[in-house]
Amino acid sequence: MLTSNAILISIFSTVFWLMLTRWLWKSKKLTAPAAILLFLLPILAGNIGYYRWMAPQRQQEAAIDYARTQLASLPVWRTIKVQQPALYQQASDELIGYLRKGMPLRQAVELLRPLAADLLNQRINTARDKDLIAYMQISLEEMKQIRQLSPGQCFRFLFPQVKGGVNIAELLPQDLIARDLVAMDSLLQHSNGAAPPDDLSRGRQQLQKVVQGLYNRWGSDLQTLNTPGEPGADETKLCDMTIDLYQSVLALTDKDSANVLRIIIGGTDN
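Position 255 of the sequence shown, counted from 1, bears residue number 427 in the working numbering, the numbering being contiguous throughout.
Keep in mind the hints are simulated off the structure, nothing from the lab. The C-beta atom is built at its ideal place from N, Cα and C for all residues, glycine as well. Any given hint could be a false lead.
Said to hold, decoys possible - Taking lysine-lysine and the DSS-like style, the derived pairs with C-alpha atoms no more than 25 Å apart in a straight line are:
#1 K427 to K381
#2 K253 to K302
#3 K302 to K316
#4 K273 to K335
#5 K302 to K381
#6 K335 to K409
#7 K316 to K335
#8 K316 to K381
#9 K409 to K316
#10 K409 to K381
#11 K316 to K427
#12 K427 to K302
To be verified - Simulated restraints on C-beta separations:
#13 G404 to T241: 45 to 55 Å
#14 Q346 to G439: 29 to 39 Å
#15 D426 to Q231: 45 to 55 Å
#16 H362 to S392: 34 to 44 Å
Construct the complete structure from the given sequences, taking the supplied hints into account.
Structure representation (structure tokens):
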């Protein structure tokens, strides 16, 4: 409706300007060249204004509408839209803000990951064993790939509270990111209820075995995992020890692995 009104106004304005110019020319107040120039001037100005300001703005709004549609269809975010509407609205608002700054859609979506990760961490204790293990296996694969690229980036990926996180869209292949989203989505879909039964006593025993194995390999350096932000921390070693930790946990049986992961990530032992 707004576009139709704008077109009608434009037509009436053009007709009026044409009649006014013709009257000025007929009244001999303007020469023919001057009348032609006067008639064309607003048309030229309008075209310049449209292509310089209006067209880019419309293109950006169209891109934002497309981004909203894409976000609503993506794994993880389509689930969050149903389960956590307020969080989804926050993510959508942040996405639009990134796009208005000129950021590509893929990078902008990846910057929303911390919002989804916070919710996922809250759901660790109610997640199914198979979903939790599948998600952590992919996370471990991501750790290893980023470690190969750069120990410093690996440290930022694992300890974003110390130096800020990374944009994995710039570091990891798209197929791995896609598998990560599917694993996260499955975990969120099936973790919105009661927590599965855990054997905390056995979980603590298995964790102690894992820690003992890590201590045999890393010695007292293992304690620095509790204080990664201390000055002079060895970022490479912290990355390697974290990978070793999760690799050791995932080497356990599925039930033991899930129990230990809930203790480490979800804090079920607290």
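So, going through the hints one by one against the coordinates:
no.	hint	verdict
1	K427 to K381	holds (15 Å)
2	K253 to K302	holds (24 Å)
3	K302 to K316	holds (21 Å)
4	K273 to K335	holds (23 Å)
5	K302 to K381	holds (22 Å)
6	K335 to K409	holds (16 Å)
7	K316 to K335	holds (19 Å)
8	K316 to K381	holds (23 Å)
9	K409 to K316	holds (13 Å)
10	K409 to K381	holds (21 Å)
11	K316 to K427	holds (24 Å)
12	K427 to K302	holds (9 Å)
13	G404 to T241: 45 to 55 Å	holds (48 Å)
14	Q346 to G439: 29 to 39 Å	holds (33 Å)
15	D426 to Q231: 45 to 55 Å	holds (50 Å)
16	H362 to S392: 34 to 44 Å	holds (40 Å)
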